Amino acid sequence: DAGVIQSPRHEVTEMGQEVTLRCKLISGHNSLFWYRQTMMRGLELLIYFNNNVPIDDSGMPEDRFSAKMPNASFSTLKIQPSEPRDSAVYFCASSTRQGAWELFFGEGSRLTVL
Amino acid sequence: GDSVTQMEGPVTLSEEAFLTINCTYTATGYPSLFWYVQYPGEGLQLLLKATKADDKGSNKGFEATYRKETTSFHLEKGSVQVSDSAVYFCALRDTIIQGAQKLVFGQGTRLTINP
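Heads up: the sequence lines are chains A and B, in that order.
Numbered per the working numbering, the first sequence spans residues 457 to 570.
Numbered per the working numbering, the second sequence spans residues 3 to 117.
For the record, the hints were derived by calculation from the structure and aren't laboratory data.
Among the clues, some could well be false.
[Claimed, not checked] Computed list of lysine-lysine pairs in PhoX-like fashion (alpha-carbon distance at most 25 Å, straight line): (1) B/K54 x B/K79; (2) B/K104 x A/K524; (3) A/K534 x B/K104; (4) B/K70 x B/K58; (5) A/K480 x B/K58; (6) B/K104 x B/K54.
In this text the structure is predicted, and so the values were computed from the model without any measurement.
My request is simple: use the sequences and hints to build the entire structure.
Structure below.
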């Protein structure tokens, strides 16, 4: 079975540009989580969805960040405009009650903002 | 709010050494506890879990026991291998809100095993 698929794996962009990160959930999973990982702050939960509905976005750093889940299998995380301090690895993870809520992570998208 | 505190790293050991990574938690209820492992260049994956007090989770030679009296969930392995080099995260499952669970992670402990 395919796992959580993230794209792009690596993105290098210049400050001020728009960045869109994409995530495809495991088939049948209904909860979706976006995490950010940096050396300084570790692993931070940005936002999570259940059944396509955002449940808690209190971790989203500021209005420059937005996330959507247009259907049950796909999500995007957008940063507009991007800043150098947004440089991090962004992980998407999915889970389901039937899987006893085990989180399955993608391989991450490494973002570098110059 | 709920929180997890892990032993600070990095931890460096020789192959076949005994490993302990400490983890303590603060929670208002009775959380489930987890250890996740992140190998270089990969996402996190579940290593083991325990859902109630005195439960022992185990996998790949790793063990952790849910100690309610000390609010701890220390990770142990009797004889580590080079392939165990990774970052280890302790986590607890927060309140299930509107049908979705949320995991609270510790800061991670980087483990390096030298041959």
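Exercise for the section: Check each numbered hint from earlier against the structure, then list the numbers of those it violates in ascending order. Expected result: 5
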